[in-house]
Amino acid sequence: MNHPAIIETREAFGEKTILAHPAEIVAFCRYLKQEEKFVRLSAVTAVDWHPAEPRFEVVYHLHSIERNQRLRVKCRLGGENPEIDSVYEVWRAADWYEREVYDMFGIRFRNHPNLVRILMPVDWEGHPLRKDYPVHGYKYSYPEES
Amino acid sequence: MRKISDEDHVATIPAPAAEPENPAAPRRMTLNMGPQHPSTHGVLRVMLELEGETIRKAIPDIGFLHTGIEKEFEQKFWQQAVTLTDRVDYLANLSNNLVYALAVEKLLQIEIPPRAQWMRVMLTEFSRLNSHLVWLGTHALDIGAMSVFFYCFREREDILRIFEMFSGQRMMTSYIRIGGLALDAPRGWDKAVGKFIRAFPDKVDEYENLLDANPIWLRRTQGVGYLPLEDMLDLGVTGPMIRAAGLPWDIRKSEPYSSYEKFDFQIPTRSENDVYARYRVRLAEMRESARIITQALEGMPEGAWRADAPHVVLPDREKMKTEMEALIYHFKIVTEGFRVPAGEVYQCVESPRGEIGYYIVSDGTSKPYRVHMRTPSFGNLQALGPMLKDTLIADSIASLGSMDFVLGDTDR
Numbered sequence: 001m002n003h004p005a006i007i008e009t010r011e012a013f014g015e016k017t018i019l020a021h022p023a024e025i026v027a028f029c030r031y032l033k034q035e036e037k038f039v040r041l042s043a044v045t046a047v048d049w050h051p052a053e054p055r056f057e058v059v060y061h062l063h064s065i066e067r068n069q070r071l072r073v074k075c076r077l078g079g080e081n082p083e084i085d086s087v088y089e090v091w092r093a094a095d096w097y098e099r100e101v102y103d104m105f106g107i108r109f110r111n112h113p114n115l116v117r118i119l120m121p122v123d124w125e126g127h128p129l130r131k132d133y134p135v136h137g138y139k140y141s142y143p144e145e146s
Numbered sequence: 147m148r149k150i151s152d153e154d155h156v157a158t159i160p161a162p163a164a165e166p167e168n169p170a171a172p173r174r175m176t177l178n179m180g181p182q183h184p185s186t187h188g189v190l191r192v193m194l195e196l197e198g199e200t201i202r203k204a205i206p207d208i209g210f211l212h213t214g215i216e217k218e219f220e221q222k223f224w225q226q227a228v229t230l231t232d233r234v235d236y237l238a239n240l241s242n243n244l245v246y247a248l249a250v251e252k253l254l255q256i257e258i259p260p261r262a263q264w265m266r267v268m269l270t271e272f273s274r275l276n277s278h279l280v281w282l283g284t285h286a287l288d289i290g291a292m293s294v295f296f297y298c299f300r301e302r303e304d305i306l307r308i309f310e311m312f313s314g315q316r317m318m319t320s321y322i323r324i325g326g327l328a329l330d331a332p333r334g335w336d337k338a339v340g341k342f343i344r345a346f347p348d349k350v351d352e353y354e355n356l357l358d359a360n361p362i363w364l365r366r367t368q369g370v371g372y373l374p375l376e377d378m379l380d381l382g383v384t385g386p387m388i389r390a391a392g393l394p395w396d397i398r399k400s401e402p403y404s405s406y407e408k409f410d411f412q413i414p415t416r417s418e419n420d421v422y423a424r425y426r427v428r429l430a431e432m433r434e435s436a437r438i439i440t441q442a443l444e445g446m447p448e449g450a451w452r453a454d455a456p457h458v459v460l461p462d463r464e465k466m467k468t469e470m471e472a473l474i475y476h477f478k479i480v481t482e483g484f485r486v487p488a489g490e491v492y493q494c495v496e497s498p499r500g501e502i503g504y505y506i507v508s509d510g511t512s513k514p515y516r517v518h519m520r521t522p523s524f525g526n527l528q529a530l531g532p533m534l535k536d537t538l539i540a541d542s543i544a545s546l547g548s549m550d551f552v553l554g555d556t557d558r
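Note that the protein sequences, when read in sequence, are chains A and B. Everything in the first sequence is counted per our numbering, starting at 1 for the first residue and increasing by one. Everything in the second sequence is counted per our numbering, starting at 147 for the first residue and increasing by one.
One or more of the hints may lead you astray.
Unchecked claim - Derived BS3-like pairs (lysine-lysine); straight-line CA-CA distance at most 27 Å:
1) K252(B) with K478(B)
2) K478(B) with K16(A)
3) K16(A) with K252(B)
4) K37(A) with K74(A)
5) K513(B) with K131(A)
6) K74(A) with K341(B)
7) K131(A) with K252(B)
8) K252(B) with K222(B)
9) K408(B) with K222(B)
10) K337(B) with K252(B)
11) K16(A) with K341(B)
12) K252(B) with K74(A)
13) K467(B) with K478(B)
14) K37(A) with K16(A)
15) K217(B) with K252(B)
16) K222(B) with K478(B)
17) K131(A) with K341(B)
18) K341(B) with K408(B)
19) K74(A) with K465(B)
20) K37(A) with K131(A)
21) K513(B) with K33(A)
22) K252(B) with K467(B)
23) K33(A) with K16(A)
24) K222(B) with K131(A)
25) K74(A) with K222(B)
26) K37(A) with K222(B)
No lab work stands behind these hints: they were computed from the structure.
Full structure from sequences and hints, please.
Pasting the structure below:
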């Protein structure tokens, strides 16, 4: 596999991981779907490496039924204003997957058709799966009893 | 200090984009189905845009059962997190146990003895039967065939008793642990399993007899809920729905895990790609699962039921009383957990609903750094909107039921 978007290819535990350039993710995904037959987008998720920089890794899991192969594509994003192009135009499955990543990590997907929260209430503040998001506590302080 | 006001409890739902007014177009009505609706099988809300009785647009709204399990994983020791995997999907708890254990074992690189592998196969097939039985019963109930429900739940009760016999729990089994099983199989397990599995194929015939000659059932399922295979693949659908569309893809065959390659079974497929085909596929899968369980029962290997990895697996109670090392290992595992080498894996198994995949990242400590669950219900439910488009509102119940989702699995 040879594509200008590939930064690095690694293999561990029999799984192949490609580190790709975030600016070219859509072109690269289209190439993978059309030329390499990865017809399925199995999952999209992210990992927060707070406080390291680049803070976020967006992880795509692809699957080719025809070749019986799986592939992981990763893109690194900075923590200041994490943004990446949506792959919705390549696989429609990305719709909800990317909404979940946006909801949980606050990573924005450009050109996504409907980027709103999916699991949390729409008026929720913060992104729960970020490492600096508290595990305990409640949004409001309870009013004192009078 | 800020006081809680009523405004804090009003969720603001974004209004759908207004379409240009066309006086000639028929008037549309928006109907809210759920979240408390008996046919949505949990707390699913679907917004339906209707033109008369025809659905022009269906927007599923999920998240009512979101419990933050993925965040919770990051707070638990590796071995404690097994109990969380049960609670994702109450009908496929053992499949979730299994995929988590397999993923962590891949990172730890430990060998699982054959007896444990075969037990895992047998029990996950039981959980497939359990899930398909609940699906068949409730789905038939939705469509109006009430008696099937009682037949299915009769067999499901037997399966839950077998789970209880193995693990002490009927639903939240946590029986498959990292490095093997929680306990060895109980005394007399082969009799209980044998008695059930000898009788089971006839029971499947019973369900078939109840439904297959029922004209109401046939009229309500045949030709309903069609969606082209390409769309399904594009939308992330997996499992029996894909096989009912004619694609023989099953992870148990294509990427065998836990010695599935040693079992002889078929992948049932149909080509009609409607609610009826999904029912036939699941019925055939029940028969195949029964075959796998019979093979597991007959060929169950003897020997160890957990890996020889003292730093991961809790020692025997007996050894703890006589050997100092065993006591030390027990103390270390319980108080500070075990460390898992840094790395990342994606492990998937075929659950009753499709592909469950766990993406686990370890940073070398005793707690997972990140666990992402690719759950089959989440992927499958994305197809609901396109599937319901331009169908009748009465058929939406049949289409919805045929997807067999569990809302806990969707929202996590």
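Consistency of the hints with the structure:
1. K252(B) with K478(B): The given pair, whose Cα atoms are some 22 Å apart, holds under the 27 Å limit.
2. K478(B) with K16(A): violated, 34 Å
3. K16(A) with K252(B): holds, 15 Å
4. K37(A) with K74(A): holds, 18 Å
5. K513(B) with K131(A): holds, 14 Å
6. K74(A) with K341(B): Violated, at about 50 Å.
7. K131(A) with K252(B): holds, 25 Å
8. K252(B) with K222(B): Distance ~19 Å between K252(B) and K222(B) Cα, so the pair holds.
9. K408(B) with K222(B): Distance ~35 Å between K408(B) and K222(B) Cα, so the pair is violated.
10. K337(B) with K252(B): Judged against 27 Å, a Cα distance of about 33 Å means the pair is violated.
11. K16(A) with K341(B): violated, 45 Å
12. K252(B) with K74(A): holds, 20 Å
13. K467(B) with K478(B): holds, 16 Å
14. K37(A) with K16(A): holds, 15 Å
15. K217(B) with K252(B): holds, 22 Å
16. K222(B) with K478(B): Status holds; Cα separation ~15 Å.
17. K131(A) with K341(B): violated, 50 Å
18. K341(B) with K408(B): holds, 23 Å
19. K74(A) with K465(B): Between K74(A) and K465(B) the Cα gap is close to 46 Å, so the pair fails against 27 Å, i.e. violated.
20. K37(A) with K131(A): Judged against 27 Å, a Cα distance of about 35 Å means the pair is violated.
21. K513(B) with K33(A): Not OK: K513(B) and K33(A) at ~35 Å, beyond 27 Å, violated.
22. K252(B) with K467(B): violated, 31 Å
23. K33(A) with K16(A): holds, 16 Å
24. K222(B) with K131(A): holds, 15 Å
25. K74(A) with K222(B): holds, 26 Å
26. K37(A) with K222(B): violated, 38 Å
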